[in-house]
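Enquirer: Here is how the chains run, residue by residue.
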Amino acid sequence: MHGPNPRSVFAAAIVAAILVGPAVHATVVLPADLGDLSRDAIAIARGQVVDVEVRWADDRHSIVTDVTLAVESYLKGGLGPTVQFRVPGGELGRLRSIVVGAPEFAIEERVVVFLGARGPMVPYVLGLSQGVFRVSRAADNSGWFVTPPALLPSAGRTVAVVRGDVNRRPMALADFERTVRALAAGAR
Amino acid sequence: MTRRRRCAAAIVTAAALVLAQSAPAFAYLKFGVRVGSRQIALKWAQLPVRYFVNDQSSVPGVAVSDFQAAVGRAFAQWQAVPTSAIAYQFGGLSAAVPGQDDGTSALGFVNKPELERVLASTSFLVDSQSGALIESDIFFNSAFAWSVAAAGETGKFDLESIALHEIGHLSGLGHSALGETELRADGGRRVVAAEAVMFPIAFASGSIAGRTLKADDVAGISDLYPDGNFAGDFGSLSGRVTKDGQPVFGAHVIAFDPNTKTMVANFTLTTQGEFTIGGLSPGPHIVRVEPIDDADVESFFDTSRQVDVDFKVTFHDHLVVVPRGGDSGVVTVAVARK
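Chains A and B are the protein sequences, given in the same order. The numbering used here puts the first residue of the first sequence at 1, with every later residue one more than the last. The numbering used here puts the first residue of the second sequence at 1, with every later residue one more than the last.
Only chain B is shown next, with the shape it has when bound in the complex:
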């Protein structure tokens, strides 16, 4: 059974029994920037996005050419999403260093030993008048061991997987809460499954499980840069979450399509506890609401927002039909405190 199918089966079973507490989820968030009094999505105004590779970007086992090829494959995967217009162009090798605001979007290794648990990071420069991106850099922390081997290498992190995640950020996507973790007997925590490349916690070193975009990633990039008949072929599901009659902020809401076995999700993002999940395949969906009480909340929301994590996992009491090219209409889910 594939991981996706296993995840899907898990959530269906949970829905049927109405008692399960754990199932993987799928979600996407977009970066937002304030332009005047408006909050708008952070995205590239002009395509293709032109990027450069730092010409000193090598670590043991990864030559500059290897680096260029690995990030090139990651860029190509995002660009291949058929419902998205996102496109990238390799500009060549450059002396530009990631993190320097020089008008050049650069990718490369930088040694950051003090960021002892950060594998990579993306930075942006933004036109504050339009909200459009001017430049975006990605650094990969050379304090870690890296690999570009086709099957991965024990003890080394897969460059292509991490690049795929960071390029999602570079394109304007925030983190997803779509992952499942476990605490290990010998200490530490590891990812068991992630149904979104944009899940903020990396798979363990040696794993190449993060090399493939998931349904949630596709929905996110298609929502940001729609192409073809994305709006007409897909639909959305919207509603609100309440607890004791009051709106809940930061609840993770998952829409599972039992026909396609895919899930996409989002969060309640307004003071009224409202959510909208876009990019859904038409048809019935199971709706699950859960707290992100296992997460580093600050990697999803800024600290000024009070995210409510004190409630139980709750399923909507009936299937919700998502129309082609339309919205489900408001779905209200009442959750109970723990």
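Excised from the complex, chain A in its bound form:
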């Protein structure tokens, strides 16, 4: 936790002598496909989560989570061997702030994150959870895969996104990275 006694921020609410529980958020988003994310990211990193710190935001009015990633590889850009980024929400004391659509991270999990930044601020994940892909080992131990299934750009034609499409499955990590590098380099 950083800064002076952030609990005072909630004084007004607690004055009501009501136990304050989780704060919950919900969102309306603009969707992004893998091409949008690859183009818009200032950095795309694959790595392992090594730290998750929940803290009060600088405005003292909201809870945020700073996530530290030990980077294995950059697919675009470069922010050093470890990179820290911020996501909204988190659990601090008896307060829990949840942003529907915002990603949550656990130490030791492997992820690919698409990061944005504006000015001096801590990098953030593009499109909330749209900019996070989880890396997990296949059930048969045959290799690493990326979930959720990525929505690839439509290659110059408009196509319906069909639920249950047998072709939309978790992508092998190597294929995913090859695709992202190409998209980041300008391919659509």
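Incorrect hints may appear among the rest.
What the hints assert, rightly or not - Chain B regions said to be covered by chain A (calculated; three or more residues, Cβ under 8 Å):
no.	stretch
1	102 to 116
2	270 to 279
3	284 to 293
To be verified - With a cut-off of at most 35 Å between alpha-carbon atoms, the simulated DSBU-like pairs for lysine-lysine come out as follows:
no.	chain 1	residue 1	chain 2	residue 2
4	B	156	B	112
5	A	76	B	43
6	B	156	B	261
7	B	43	B	112
8	B	312	B	338
9	A	76	B	338
10	B	243	B	261
11	B	338	B	261
12	A	76	B	156
Unchecked claim - A few chain A residues facing chain B, derived, Cβ under 8 Å:
no.	residue
13	121
14	128
15	166
By construction, these hints were calculated from the structure, which means they are not laboratory data. The model shown is predicted, which means the values in this text are computed figures rather than measured ones. For glycine and all other residues, C-beta sits at the position ideal for the given N, C-alpha and C.
Take the given structure of chain A and dock chain B to it, following the hints.
Expert: For chain B alone, kept in the frame of chain A given last:
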């Protein structure tokens, strides 16, 4: 043909052919909060819900009075649902800023350029002992261009449509998976149709298609705040979904009424793969089960839940009759992996 009718026709055809892979769906989820060892629905304990409008809430083309009027229309639409007791009261203009936990439910514009793909967001303060809402704020991201024009404006997002969605959240409804999207030839993804206001992806700027509540929204708000003889006049459909004999979590289950041409849906929400869809009109229903493999799963479920998206769209092999004021009895749908 209206969009709803087109959607309905699509799913009927798919059912008949037993091979279609795409049809719009209708669903609702409720927010839940843990109170002690219990998980309960997040809802207002006292009605009407009193809200305030931030007195600095304006952007180019939208004055404070315009903002107040637009959100007022959205509140009125939810309140007009005849089978729901939900009610709201405008408390006046206020200096309260959305997102500040001050005991005042406030709506207004806030500039959040770092949330470059988030149009609006709702936040809650919750009494952790009872689970009742104390306060709920809605911010609209002024980093985007907004409109309150009756017919919408090119390049600007419709404030009333987005407010209608967020007020659903403010009332306790979660996201719905009831929408259909496409990847555009020139890049990006857009909503083609959404049969629930609570679908998490916005229509494109300039569109006012999201200004009207759908059957799924009505079922959801009526389930949360029932009024009249909602329980007696409507019914439910319940069952479970399995794959290779094992329960499936997070499957999207849709109940389509071919008589009313309406659909309501829910998800399998237990470790046993069980689902219940409430607020259904009595009579026969077509049941369709689909994976949300095109969605940002984390906008529906928290990451601790392993949502299964590796299965094919499946229809139950016969119509299911929903009784008036009762439940269908357990329907089991076995899906096959892709």
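Enquirer: Now, for every hint given, state plainly whether the structure supports it.
Expert: Evaluation of the provided hints:
1. 102 to 116: holds (count 6)
2. 270 to 279: violated (count 0)
3. 284 to 293: holds (count 4)
4. B:156 / B:112: Distance of about 17 Å is within 35 Å: holds.
5. A:76 / B:43: violated, 44 Å
6. B:156 / B:261: Judged against 35 Å, a Cα distance of about 32 Å means the pair holds.
7. B:43 / B:112: holds, 27 Å
8. B:312 / B:338: holds, 5 Å
9. A:76 / B:338: Answer holds: residue 76 of chain A to residue 338 of chain B is near 32 Å, not above 35 Å.
10. B:243 / B:261: holds, 29 Å
11. B:338 / B:261: Holds - the C-alpha atoms of residue 261 of chain B and residue 338 of chain B are around 29 Å apart, at most 35 Å.
12. A:76 / B:156: Given pair residue 76 of chain A, residue 156 of chain B holds - Cα atoms ~32 Å apart, limit 35 Å.
13. 121: holds, 7 Å
14. 128: Cβ of residue 128 of chain A sits 7 Å from chain B, so the hint holds.
15. 166: holds, 4 Å
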